[in-house]
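Enquirer: Single-letter residue listing:
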Amino acid sequence: MASIVELLTLNNPVFKSYVFWTGVLVLKMLFMSVLTAMQRFKTKTFANPEDLLSPKLKVKFDDPNVERVRRAHRNDLENIVPFLIIGLLYTLTNPSAFLAINLFRAVGIARIVHTLVYAVVVIPQPARALSFFVAAGATVYMAFQVMVTAAF
Amino acid sequence: MASIVELLTLNNPVFKSYVFWTGVLVLKMLFMSVLTAMQRFKTKTFANPEDLLSPKLKVKFDDPNVERVRRAHRNDLENIVPFLIIGLLYTLTNPSAFLAINLFRAVGIARIVHTLVYAVVVIPQPARALSFFVAAGATVYMAFQVMVTAAF
Amino acid sequence: MASIVELLTLNNPVFKSYVFWTGVLVLKMLFMSVLTAMQRFKTKTFANPEDLLSPKLKVKFDDPNVERVRRAHRNDLENIVPFLIIGLLYTLTNPSAFLAINLFRAVGIARIVHTLVYAVVVIPQPARALSFFVAAGATVYMAFQVMVTAAF
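The listed protein sequences derive, respectively, from chains A, B and C.
Those letters in the first sequence? Residues 822 to 973, by my numbering.
Those letters in the second sequence? Residues 822 to 973, by my numbering.
Those letters in the third sequence? Residues 822 to 973, by my numbering.
Among the clues, some could well be false.
No copy labels: a pair is met if it fits in one copy or bridges any two.
[Stated by the list, open to error] Here are the simulated DMTMM-like pairs of lysine to aspartate or glutamate, each with C-alpha atoms no more than 25 angstroms apart in a straight line:
hint	residue 1	residue 2
1	K879	E827
2	K849	D884
3	K877	E827
4	K865	E888
By construction, these hints were calculated from the structure, which means they are not laboratory data.
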């Protein structure tokens with residue numbers, strides 16, 4: 822393991838790429854709240870009595886458009902968050918720059934595509950499954966490398 | 822970018838503030854499980870057959886008090902977790918201490934207020950919306966700075 | 822606080838243990854998606870129209886086996902993710918190696934047991950409650966130490 826001083830600096834292209842994609846993916850994840858709010862107002866689907874815009878409305882939990890965006894958001898929590906943590910530790914294992922940067926790119930682009938085909942314009946399968954597996958596969962590979970590096 | 826040795830130390834007031842608020846917000850998030858359990862026992866709403874306290878009870882998924890706390894908890898996952906990751910990288914961009922410390926304070930206080938007005942004592946809107954936007958706005962700003970710092 | 826150079830290296834047994842258990846727990850979390858998919862195919866429970874395998878099927882949201890795995894997965898997000906973040910900062914507080922390594926082990930093993938008794942072979946309570954409290958207790962202790970270290 823190289824010294825942390827050389828690894829955790831923007832002079833290290835792997836760390837630079839990790840930082841860039843973390844910024845992009847956090848912004849993307851936070852944008853899911855905007856998408857959810859847009860669907861809630863469009864379909865007048867609010868989950869709390871204090872959110873109702875008119876006394877005639879009632880709380881509603883089963884609008885398919887709202888629930889679709891919420892499932893996409895939850896899928897981000899399940900997949901992007903583990904990547905963000907493991908990506909940092911993977912950077913500390915001093916991997917090949919070429920491989921690491923392309924893994925980060927693959928996860929970043931695949932998770933943006935996942936959101937687009939799931940919650941923006943619904944595209945038939947296997948669009949969503951493919952984008953899911955690209956990101957999950959890259960994250961599993963990195964987590965495995967991290968675990969093995971620390972185990973021996 | 823200053824050296825990691827000067828940034829990731831409690832002598833750096835920005836990192837010290839980040840560490841403090843991370844501790845506070847993680848404790849706050851874990852406390853949501855206590856709040857959920859309290860509501861589950863109070864309303865006898867259990868989601869698993871093996872959790873039922875008496876053979877007369879049945880699993881239930883729609884108690885409004887339990888669901889309210891669960892929504893607040895999920896909102897924490899969607900907003901606090903991205904902040905915790907981006908706050909660390911933002912610290913590494915060597916920001917103005919005054920700005921960074923006040924951003925961390927804003928997120929920390931806003932998310933505590935969010936929980937109070939959502940899941941402890943329900944306060945009419947826009948209390949929850951405001952606390953949500955303060956924290957989300959600060960996190961978006963930091964994520965944008967992180968992304969831009971790494972992009973050039 | 823010792824220098825980051827001595828703390829964030831695999832020569833530090835505390836960091837080595839943290840990295841190992843992070844790898845294990847991220848792989849375990851990602852495996853929840855496999856478990857969910859297995860239950861979805863077994864019970865033909867799909868949440869999106871584009872996922873339906875046959876035109877005779879309809880979207881379904883209430884299969885108890887699918888929902889059980891999804892609750893276990895969500896519980897991981899609520900508990901493992903905060904641990905992963907606080908475990909890194911706890912490592913930076915330069916704790917006793919004996920204590921820290923056993924705390925990480927406790928969380929790692931407890932969360933694996935939690936998944937087994939919740940979503941693989943259902944075991945009567947208090948199996949799940951105990952595994953939950955071991956991991957949550959260790960995480961609360963570490964978060965408290967982190968907060969106090971940064972507060973003074």
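Enquirer: All hints, please: hold or fail.
Expert: Hints and how they fare:
1. K879 with E827: neither (57 angstroms within a copy, 54 angstroms between copies)
2. K849 with D884: Cα proximity of K849 and D884: one copy only (23 angstroms, versus 31 angstroms across).
3. K877 with E827: neither (61 angstroms within a copy, 58 angstroms between copies)
4. K865 with E888: both (13 angstroms within a copy, 19 angstroms between copies)
Figure legend: structure checked against the earlier numbered hints; hints not met, in rising order: 1 and 3.
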